[in-house]
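Chain order of the listed sequences is A and B.
Position 28 of the first sequence, counted from 1, bears residue number 28 in the numbering used here, the numbering being contiguous throughout.
Here the numbering used here = 1-based position in the second sequence + 459.
Hints are supplied without guarantee of correctness; some may be wrong.
As the list claims (entries may be wrong) - Restricting the straight-line Cα-Cα distance to at most 30 Å, the calculated cross-link-like pairs of lysine-lysine (DSSO-like) are: (1) B:K751 / A:K128; (2) B:K751 / A:K242; (3) A:K292 / B:K587; (4) B:K801 / A:K242; (5) B:K749 / A:K213; (6) A:K344 / B:K701; (7) A:K290 / A:K344; (8) A:K213 / B:K803; (9) B:K803 / A:K242.
Quick caveat, the hints were computed from the structure, so don't treat them as lab data.
Protein chains: 2
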Amino acid sequence: MSRNVTILGAGLVGSLLAIILRKKGHEVKLYERRPDMRKANMSAGKSINLAMSARGWKALELAGLKSDMETLAIPMYGRYLHQPDGQTAFQPYSKNNEAIYSVSRGELNRKLMTLAEQSGVTIHFDHKCTGVDVPNNVLTFGTPQGEVTEKADLLFGADGAFSALRNSYTHMDRVNCDHFYLEYGYKELSIPPGPNGEWLLEKNALHIWPRGKYMMIALPNTDGTFTCTMFMPFEGEVAFDKLNTEADVNKLFDEQFADAKPLMPTLMEDFFTNPTSSLITTHISAWRYKDKSALIGDAAHAIVPFYGQGMNAGFEDCTVLSGLIDDYGADWSAILQEYERKRKPNGDAVASLALMNFVEMRDKVADPVFLERKKIEKELGKRYPKEFISVYEMVSFSHIPYNTAIQCTQAQDRLLGQVMSEGNFFENIEQGAFCDRLDNWMSAYHKEVQQLDFDNEAG
Amino acid sequence: MSRNVTILGAGLVGSLLAIILRKKGHEVKLYERRPDMRKANMSAGKSINLAMSARGWKALELAGLKSDMETLAIPMYGRYLHQPDGQTAFQPYSKNNEAIYSVSRGELNRKLMTLAEQSGVTIHFDHKCTGVDVPNNVLTFGTPQGEVTEKADLLFGADGAFSALRNSYTHMDRVNCDHFYLEYGYKELSIPPGPNGEWLLEKNALHIWPRGKYMMIALPNTDGTFTCTMFMPFEGEVAFDKLNTEADVNKLFDEQFADAKPLMPTLMEDFFTNPTSSLITTHISAWRYKDKSALIGDAAHAIVPFYGQGMNAGFEDCTVLSGLIDDYGADWSAILQEYERKRKPNGDAVASLALMNFVEMRDKVADPVFLERKKIEKELGKRYPKEFISVYEMVSFSHIPYNTAIQCTQAQDRLLGQVMSEGNFFENIEQGAFCDRLDNWMSAYHKEVQQLDFDNEAG
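Next comes chain A alone, as it looks inside the complex (with noise of 0.2 Å):
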């Protein structure tokens, strides 16, 4: 039985579930507060890129996309680690040359959004949702002509971290939410290409610069540029408050990015007009409410950019739904509490990864000790690959449940910590007697994870 469903917002998440909704026979219309992207020019100087890993391809595939997208992705297979003295090193992020890809956030918006139209999808640009009254489905949108109001049949909001579907459930009795902010911003700046077009950087890498208390990261882009982006505290020793003139800024990438700031002659005009922009984690106990609507993507889990997975995340909860509308038919009930049931954990579990990968990427990442436990967490998945897969390829490279890796983090701290503490790994391994103590280890940690649900998106 198909159902008339309301979309709210028509960005990466809202599209991709229209599209989804469409396939399977149901009337999807989408609501978004900005104008059409694919006429005007929508740069704001604030997209971080897109890592797309297994979790987006996976739900691409089912709306039909993956092949189309692949031939404008750019595999990142590590991290390309710059030091302040200009070493570079470069880290896998697979034992088997596995990447993530760097994804034009706008390049794959607008084909999501011509690809739901091409599937009998209206999308209606220009509206503001201003208010849900959730009980009766009625939305409030705000127009260039004027308020508009229109009653909902099925209803999903997937209109980002301020969702305006969100905000209404939090006025609702007995649910419980929060929000709070990184004592970090971020802003965006880029390096041009080469005088043939060519990539000043090394392409397929996912380029940090990791300075302790804050980092410059850059991801490649299809036209021979890289958006770099620049996170720090608002507020500090070496802080965006603290850089308030030209002088500042030279001195800072004088000092600290001599490498990369020969290859970004717009730095100025990107580092004092592109804004700092905040960054926000959102939890909340109501993901959706009876059989009527339902919260999708950052509306409902609103992340940290960290570990690339605020996309991928959003795409696995469509991918979910789509396999439970699959399991339960036309009983929208039944399908939205399961959804909720079986996301919420997830959606809680990345955002906690997302924030621990911070302190990874911008601190641990140009510890030695931390990039021996890198490779060695690369042999023992090699060694045991039943045994052990490390918690950066379960999140990047699987699709085991977010709230599963988090799971393992601790066990997994203390397998490499047992491991570690005998000096010389790849000295040790040529030993019987270490080797049986690993087995040993290992058996302890492989007992201890499986009883955990490593069943995949179903999570």
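Position chain B against the provided structure of chain A, taking the given hints into account.
Just chain B, lined up with the frame of chain A:
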């Protein structure tokens, strides 16, 4: 230099603040979303009685209302416990015969409104604030005559847990907030006077029927009635969702509240007419915006009622603000900044103390070990009046900052653990050797806590 002050909410805190600011020569307008409670009959069947203690009285004294209210307040010198088998016990609150005072919320609120008007404050009823443009201090109200806007000079949000000003703050960049509900609800019940207008339970006590996972309390009113409140999980084994028929309620009261039931002739009517209400705790990181606006009372820190400190904490906000105005004169930027710096840690602390006291009231008060501890605390307070004040006494009978009280909790748990680990205290205390050890424990405790801020409500 006098300001034009706008206050949202003519509840207890808003009305008191209006009086205090008017006394200092400011123009004050109060906006209240409800009609005038002095004209309409406003009993909503969901007002937990107030337990006025030291902090509340101090603020009433500032407003000039203390002696007037004292004649209408009923001292409660301790907890009066009712066991399922009908046994009772009295547990005094203080070593010095101090009391907390049962006060009618409606009566106090009406008196505060009238005093505010008499001192020159205008109160606009039926004005529901629907939004605040915080940077511009522009308020929008819904009224029976339609929408009204108003530009404020200096604005206070005293509009409770669901404050419109708080809500607008939560939408500002880098403002962190959360709210959560207990899994418990509450319902108001009542005990009428006896045939000669007399109180049917001990008048000068706070009655508790502690039942582990739920409890009932009763506070005396001046008209011979008691207001009872049942606190119980919304869902569960013994829970509101299981009490659907008169037979269900009869069974519960026969088994668990056999001594109270004969005193409650309107039990069924009360139970099935009065709403089951929820219990919220809120936190927000910004208590003020520049020199333009601030939150106060529940709007800044909504807490659960289990320490009887909600009104007391809000009144203390007013006392502290009043002191800061005296200190800083016309520098409202400094006044509001200091107000936030001093009060926010105490607002967070009293929220936590209130949550902790729920466990104490519904469960621990019936535990002989806990009762013994309370007796020992009193004895310690007598023997070491300079070194030891119990956390309960700090909260209810002193002006020591809530944040200091909560910081003493662990040290007191450790001290009492030591004292009680050696068996019967009141026998041990006759022994010289034990007294020496007690001196040592006490001086270690005192050393640990004396670095804290015990300065009164200037906290």
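To see whether the hints hold, each was checked on the structure:
1. The suggested pairing of K751 (chain B) with K128 (chain A) holds, with an alpha-carbon distance near 29 Å, which does not exceed 30 Å.
2. Annotation: proposed proximity of K751 (chain B) to K242 (chain A) holds, straight-line Cα distance about 26 Å (limit 30 Å).
3. Proximity of K292 (chain A) to K587 (chain B) is assessed by CA-CA distance (about 29 Å); at most 30 Å being required, the pair is judged to hold.
4. Using a Cα cut-off of 30 Å, the hinted pair K801 (chain B) and K242 (chain A) holds, with the two alpha carbons roughly 27 Å apart.
5. Under the criterion of a C-alpha separation no larger than 30 Å, the hint pairing K749 (chain B) with K213 (chain A) is consistent with the structure, at around 29 Å.
6. As the CA atoms of K344 (chain A) and K701 (chain B) are separated by approximately 28 Å, the hinted pair is consistent with the 30 Å bound.
7. Of the supplied pair hints, the one linking K290 (chain A) and K344 (chain A) holds, its CA atoms being roughly 16 Å apart against a limit of 30 Å.
8. About 28 Å separates the Cα atoms of K213 (chain A) and K803 (chain B), which keeps this hinted pair within 30 Å; it holds.
9. Under the criterion of a C-alpha separation no larger than 30 Å, the hint pairing K803 (chain B) with K242 (chain A) is consistent with the structure, at around 28 Å.
The earlier numbered hints are all upheld by this structure, with none contradicted.
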